[in-house]
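With chain W fixed as given, assemble chain F onto it according to the hints.
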Amino acid sequence: MPVSNDELKGLYYYLNLVRISDERCRRLFKQGRFHGTYFSAVGQEATVVGPCYGLRPEDTIGIQHREMGAAITKGMPLKYILAELFARKDSPDRGKSHPCHYGWKPLGIITPASTIAAQTVIATGCALAYKIQKKDNVAVCFVGEGATSNGVWHEALNFAGIHRLNCVFVVQNNLWAESVPAALGVPVEDVSERAKAYGFPGVTIDGNDLFATYETSQEAIRRARKGDGPTLIEMKTYRWYGHSEIDPANYRTQEELEYWKKRDPVPRFEKILMERGVIDESYKLATIQRIERELEEAIEFAEKSPHPEPHEILEDVYAPL
Amino acid sequence: MKMDVAQETKGAIASDVKTMTYIEAITEGLREEMERDERIFLIGEDIAAYGGVFKATKGLYEKFGPMRVIDSPISENFLIQGAVGASIAGLIPSPEIQFDDFITLAMDAIVEHAAKMRYRSGGMFTCPMVIRCCYGGAVGGGLFHSQANQAWFMHCPGLVVVTPATPYDAKGLLKAAFRGQNPVLYYEHKRLYRTIKGPVPTHDYTVPLGKAAVVREGKHVTVISYALMLHRSLDAAEKLAAEGIDVEVIDLRTLLPYDKETILRSVEKTARAVVVYESSKTMGVGAEIGAMIAEDGFSFLDAPVRRVSPPDAPQEPFAPPLAEAYLPDANRIAEAIRETVAY
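Residue numbers (our numbering), protein chains in the order written: chain W, 1 to 321; chain F, 1 to 343.
Hint data in this document are derived by calculation from the structure and do not stem from the laboratory.
These numbers come from a predicted model, not from an experiment.
Where is the CB? At the ideal position from N, CA and C, for every residue including glycine.
There could be a bad hint or two in this list.
Covered stretches of chain F, going by a simulated chain W footprint (3 or more residues, C-beta under 8 Å) [said to hold, decoys possible]:
| # | stretch |
| --- | --- |
| 1 | 102-113 |
| 2 | 142-154 |
| 3 | 183-193 |
Under 7 Å between C-beta atoms, here's a sample of chain F residues computed to sit facing chain W [said to hold, decoys possible]:
| # | residue |
| --- | --- |
| 4 | VAL84 |
| 5 | GLY85 |
| 6 | ALA86 |
| 7 | ALA89 |
| 8 | PRO157 |
List time: in silico DSS-like cross-link candidates among lysine-lysine, alpha-carbon distance up to 25 Å [said to hold, decoys possible]:
| # | chain 1 | residue 1 | chain 2 | residue 2 |
| --- | --- | --- | --- | --- |
| 9 | F | LYS175 | F | LYS219 |
| 10 | W | LYS9 | W | LYS304 |
| 11 | W | LYS79 | W | LYS30 |
| 12 | W | LYS131 | F | LYS63 |
| 13 | F | LYS211 | F | LYS197 |
| 14 | F | LYS269 | F | LYS211 |
| 15 | W | LYS9 | W | LYS79 |
| 16 | F | LYS18 | W | LYS134 |
| 17 | F | LYS58 | W | LYS131 |
| 18 | F | LYS260 | F | LYS175 |
| 19 | F | LYS211 | W | LYS135 |
| 20 | F | LYS18 | F | LYS58 |
So here's chain W without its partners, still in its complex pose (with noise of 0.2 Å):
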């Protein structure tokens, strides 16, 4: 199916909010405008604007704490990203959770814990609801490649297949699962290999082109929504900073990051943008202002969100009995 240029210029517009939000964040932890940590994705901004674009409100994401942008990209508003992150009253966890533990109802995204491979497996089970309410709602659920050596990840993966369930199974394979190389975590090539296991198709696909990652999630989600069962999408990336911010990352060499900078998915896309007349440079001024007006109204109303109280820490612990 032919992507028209609303849709690209609405990926374009979502690729730049998740790379300039990502590393305006990154400057304000360093800044200590927020404490605790900041988990950067800058790199990889293509593996979630992918998938998450054009996805329907009652739809899914399981997620975890570097999925900002598949957050934003769901529509998550960018000022509870931001009050989630200063910890604040206003944010959708109240202050309770953990940095960047991103969690918004109305939109389905479930708001995460850090144990790995989690969100992938609560989003089955919404997705095994959908089945028994005769719902067309999709799943989609994101994880690293070093999540897929969880043994949780292969039973919903499992699950999934015996029930067809309305899933797609994203994996950013970044190469490496905080300090470990994928090599002594996965004992495949390509993970989408694992896919053969659980009877379901299994790609994988450079996951800094946007153009691939979105044509290939929109086909696998038309699949799920059909009933036809779950996807899994390798995507093959890099994350351009450590594991969080307080990670300097000098366990990987500065040739590897070099290597990658020059496929970095934003001037990719737009280059290609560009060349099409989809865009022109005006287009692109125009829409780095927006974004930037966006991000200063989101980040002025996290900081001036109140902090929540001692008193609240009791709160929401239960519901009445």
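Same frame as chain W, but now just chain F:
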């Protein structure tokens, strides 16, 4: 013996009450709740056409079909985490952990996800669900089919942990669990499945979560217990009545969050407390109840709080003489009560 049954059935005609076993009460509770609310579905190992290893789900697959009674692969962690997802998506799952001895495989799912979902999302996401788990010793199950691991989950705020001792409570607590907004870990004792029969109303009722029951009134000493150990404590109380020792017995029913008020009110009256529980002694249920009484009811006490429990063996061993030595019987419980009263 069962005060709330007595109250419940007072003035009722005999046809309003049926006598059934503990496991029949569970099956009937499941069936009635599934008829009442079509969001409820069951998922677990061997629970569908096979009816469960103890037959607790017998007949439900035939009645409700394969989308509401689902046989699961052997994937305990997914069973619970998947249920958390299904609950978020609007259903009320009831995953079954076949034996408490396997619940460790779902520890992350229960502790990090089910118990913390409401808190970690600032109340946005809730995951009402009823995790049924069969547990307990005195059936010759050996080290890996007899475990009683309630104490671990009593350390997980956000989770409700219940364990009934009677058919009346088995059905009433199950119904209350399905009608609430919290994740409930519903612990059913396998020794009680077919050894305990009792009256159960034919009309709809619930037993409130978080409320203990004084199941025997007495003035000399309070015994706090639950499930199988409750029955053995009641046997001990019968023996001691003949010796002139008047024992009050409390059935906790809900282990988390438990009913401090009922315990303290009783200890204020009797000035003595014995906690009888099923799992190793150190850091068990008795550690919490004893510490709570020491903290909030110290001035009531005329004797130290006494714990009666299995020894600090990992769990009930298999060889009969070892198994016999594990769980407290009525004689051991009676002896501890005598010593507490004589202190």
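Quick rundown of the hints versus the structure:
Evaluation of the coverage hint for the stretch 102-113 of chain F: fulfilled, as 4 residues show C-beta separations to chain W shorter than 8 Å, against a requirement of three. With a threshold of 8 Å between beta carbons, the proposed coverage of the stretch 142-154 of chain F by chain W is violated, since 0 of its residues qualify and at least three are required. Residue count for the stretch 183-193 of chain F with a Cβ under 8 Å from a Cβ of chain W: 0. That is fewer than the three needed, and the coverage hint is violated. Residue-level restraint check for F/VAL84 holds (minimum Cβ-Cβ distance to chain W is 5 Å; threshold 7 Å).
Taking 7 Å as the C-beta cut-off, the interface hint given for F/GLY85 holds, the closest approach to chain W being about 2 Å. Contact between F/ALA86 and chain W, as hinted, is supported at the beta carbon level, the nearest pair being about 4 Å apart and thus within 7 Å. Hint on F/ALA89 holds. Least Cβ distance to chain W is approximately 3 Å, under the 7 Å limit. The beta carbon of F/PRO157 is positioned within 7 Å of a beta carbon in chain W (closest approach about 5 Å), and the interface hint is therefore held.
Simply put, F/LYS175 and F/LYS219 have alpha-carbon atoms about 33 Å apart, too far for the 25 Å limit, and the pair is violated. For the proposed pair W/LYS9 and W/LYS304, the alpha carbon gap of about 32 Å is over 25 Å, so the pair is violated. Our distance criterion of 25 Å between C-alpha atoms is met by W/LYS79 and W/LYS30, whose separation comes to about 19 Å. Between W/LYS131 and F/LYS63, the direct Cα distance comes to roughly 19 Å. Compliance with the 25 Å bound is thereby established for this hinted pair.
Between F/LYS211 and F/LYS197 the CA atoms are separated by roughly 22 Å; this keeps the pair inside 25 Å, and the hint holds. For the given pair, F/LYS269 sits about 19 Å from F/LYS211 by alpha-carbon distance, which is consistent with the 25 Å threshold. At most 25 Å may separate the alpha-carbon atoms for a hinted pair to count; W/LYS9 and W/LYS79 meet this at roughly 23 Å. In summary, the hint linking F/LYS18 to W/LYS134 is not supported, as the alpha carbons are separated by about 38 Å, beyond the 25 Å threshold.
With a CA separation close to 24 Å, the supplied pair F/LYS58 and W/LYS131 stays within the 25 Å bound. The hinted pair formed by F/LYS260 and F/LYS175 meets the criterion: a straight-line CA distance of about 23 Å does not exceed 25 Å. At roughly 39 Å between alpha-carbon atoms, F/LYS211 and W/LYS135 are farther apart than 25 Å, so this suggested pair is violated. At most 25 Å may separate the alpha-carbon atoms for a hinted pair to count; F/LYS18 and F/LYS58 meet this at roughly 19 Å.
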